[in-house]
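*Asks:* The lines below spell out each chain.
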Amino acid sequence: MKSGKKARRKETGREAEVQKHTQPQDSAAAGEPEREKTTSRRRLEKVGEALYNCPYLLALLVTSAAVLFCSDEIGIRTVCADAQAVVRRVSGADAPASVLASDKAAASAAGEEKILVSEKADDQEQPAVPADNIAGDILEETENAGECKAENNDIKEKNDFDNVSYTDKNAENQEKEIIGTTEFVSYEPVETDSPYYSDAGKVALTTTYPYTKENISYFNDAAFLGDSRTLGISDYAGLDEADFYCDSGMTIFKILDPEGATYRKTGRKEDLSRVLQEKRYGKIYIMLGMNELGYGNTAMYLDKYREVVEQIRKWQPDAVIYIMANLHVSKEKNNTETEFNNININDKNAAAASLANGKDIFYLDANPLFTDEDGFLDAELTFDGVHLYAQHYDRWREFLMEHGVENKVAQKGSGNDGRDTAE
Amino acid sequence: MLFSSLGFIFGFLPVFMALYLLVPAKYRNIVLLLGSLVFYGAGEPYFVLLLVFSVLVNYGLSRYMFWEPASPQKDRSGKAVRRRKRALVLSLAVDFGLLFVFKYWDFTAGTINGLAGHEAVPVLMLALPLGISFYTFQMVSYQIDCYRGTIREPAGFVPFAAYVSMFPQLIAGPIVRYEEVADRMRKRRVNVRKLESGLKLFTVGLGLKVLLANQIGTLWNTIMSAGAGNLHAAVAWLGAAAYSFQIYFDFWGYSVMAMGLGKMLGFRIPQNFDSPYASRSISEFWRRWHITLGRWFREYVYFPLGGSRRGRLRTAANLLVVWAFTGLWHGADWNFLLWGLLFFVLLTVEKNSYGRWMERSKVIGHIYTLLLIPVTWVVFAVTDLGQLTAYLGNMFGIYGAGVLVGMQQLVRYLKEYGVLLIVCCLFATPYPAKLYRKFADRWFTVVILLGIFWFSVHEIMVGSNNPFLYFRF
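For the protein sequence lines, the chains are A and B, in the order given. Here the first sequence is numbered in the working numbering, starting from 1 and rising by one per residue. Here the second sequence is numbered in the working numbering, starting from 1 and rising by one per residue.
Calculated from the structure, these hints are not laboratory results. Just so it is clear, the structure is predicted and the values come from calculations on it, not from any experiment. Cβ coordinates follow ideal geometry from the N, Cα and C atoms, glycine included. This list has only true hints and no planted wrong ones.
Taking lysine-lysine pairs in the PhoX-like style, the calculated list, with each CA pair at most 20 Å apart, reads: (1) A:Lys269 - B:Lys415; (2) A:Lys314 - A:Lys279; (3) A:Lys269 - A:Lys254; (4) B:Lys415 - A:Lys265; (5) A:Lys314 - A:Lys254; (6) B:Lys194 - B:Lys438.
For each label pair, taking beta carbons as the anchor points, the in silico distance ranges come out as: (7) B:Gly451 - A:Asp240: 38 to 44 Å; (8) A:Arg395 - B:Leu372: 34 to 40 Å; (9) A:Thr338 - B:Tyr27: 32 to 38 Å; (10) A:Arg43 - B:Arg86: 54 to 60 Å; (11) B:Pro430 - A:Ser217: 54 to 60 Å; (12) A:Asn335 - B:Ile398: 35 to 41 Å.
Throw the hints in and build the complete structure from the sequences for me.
*Replies:* This is the structure in structure tokens:
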């Protein structure tokens, strides 16, 4: 209060002074601190007064400097824009996009092998060679490059014959069980120049599996975790019995946070790490990835996704986990100059699909229902290019009902999967 | 470059301001001009050439108008007058011609082709140069003012170019008239006090845009995403209210930011909004909404047509012209024309019957305005005529396929957006502006503004939903 009045009084005094000074000198840079050095004490005082009269400017400058200085400390949690710095840290400074891309392709294709391998091998060096080979093989060998889990298993079995000693447990446990495969269709990737993503060069297809056609009661013991699109399913697909935990803006990074997600039946936030330990679910549907498009990069996304799936598997050993593809965006919304585009979405989807094992983790891609031949979300079905109109969720529900999985995982329990025991 | 982007706030603005303050006063216009071109070029690397071209042509023609100047009052006959007329017609042709080609060509071609049944006129698919509607109007106002003699002596090239391209108002107004900045183009003082209060205003605008418009915009988006035609009447009205708030805070926020930036540069940019939602009639609403546009149409279209002085019928015809053009100015589509014509009807009815009475009333006028305005915004917002009919139907309880978005969602929306809606209502009244004027220099205002600034920055960082609605125009 008092200071404010004082400031105003001084201000008027200073104004007069400025006028006197600027007229002969033709310099209107009255408030520039740079002028200090040319001056006498009186001028110094004037600058002091000027600064005193602009507390907001000063406060902004100081806080900006502080934020600039501390942005490393705050890290990626609060300052998302720092994701770029993270990328640099992860992939080495100034890595060109192509290097990044191949890194990531290898990461998503070979990610699992590495885990399997490290589990088996005593030292890290030995398996590094076969792991890379496998990744290389998958990428070169077939048209559907990078066939995920099932193909890996094949190769592992092959390797068994060759007496390379790093898969036996898996093969034993599988016996004659039907294992779905998640196939990838590869295509010529486009050069991208973004720290957030690169073109995966492949599209993941819905895990092939003898799904059963179910009715609505299939969802009685289902939980859906997701973002605003899942909220749409909750609102308009008519799955009233299922439990929805979703919020606009939800990400894979936040889904298991204590802060939680909104439980749609009560409208209250629930901590999923608690809920998933207390309740028993038969199916858990996850669809997250849109709000991650401009956060971190695909490798980080995959790491976190894997962690979440492993965690859920631990808490819900009997549940079938569905990884649902993120729907593409419309042509209008697709913007390759930002990170908001279908190449990025596909990059995320392909990464998430690599977690499907065709046994108790499945990848479902509803995109073919809603996209045109170029993979854009049909403009007729959406207002904002991102979310479907309410009336189209029925189709999505049908799609989900056509992809029932008989829950037989319980018999074997966990531990038959490399990923499960990897923790 | 958006005002509400990190690149502008932490990149362009500080660098530009430092330069602007450091150079001697006589170079400031040049710095302003070049800086504005950089600002524009960052977003429109090609259309900046179009802007430069327009400026050069208009400047040339305006000089031609003043060539061998005989005072317009005395020399009413002969060459000078004809020359002036020629220059004016030419400049209007160039300005409106470019605007037509870039903004209305495809719409016109589509209409003609539709009527003809085949492609009689080629569709060009040109992108709309940012801000072309605004800077075209500004240049036209300059030419007409020169022609009329309102501007006595022609501006120098740099002041003229700086006036047109000045970055605070280049891409979304306010539509400034030259006489409003002429004095300050010649001589203006820049000092810390102006910097400070300009920065404060800028922050206020930023907050309006990022913390109110963007946030309430997601409600509108959510409701529209569910699909017009699926909505319960209450939800439809909620959506209309949300959009009304969004467009107001979006555009008002932008205008306040422009005023703030103008102040930092030493200019006075006119106010564009004066609590329009507190109006008691639609006529009053348009005296308070987008004031500089209304002024433009009044000065350069309505009055030259005779205004309201030539009888009721002529007045109505004049209003029809003005509002058809006002509608189309906002966008080249049928719904904008419809929107303009809706206002024509409302204003004509008001002028001839209950308008005066409404404006004197205490309560009914407000209710009347607040019920009508959201309906007009829906017409404005929904470009697809089928969807528009469906949405308006929903608002009045006409449901087609059935209600998919009903009470359950309404409750959720209210829970989620209730507080924000209340804040929006408060900021739609004149009181926050009054409070700000009263307490702008207090220390707690600094603290609040600092909070608003950093909260806005945070929201810009995490949110991807940050468009300016008025950039379409």
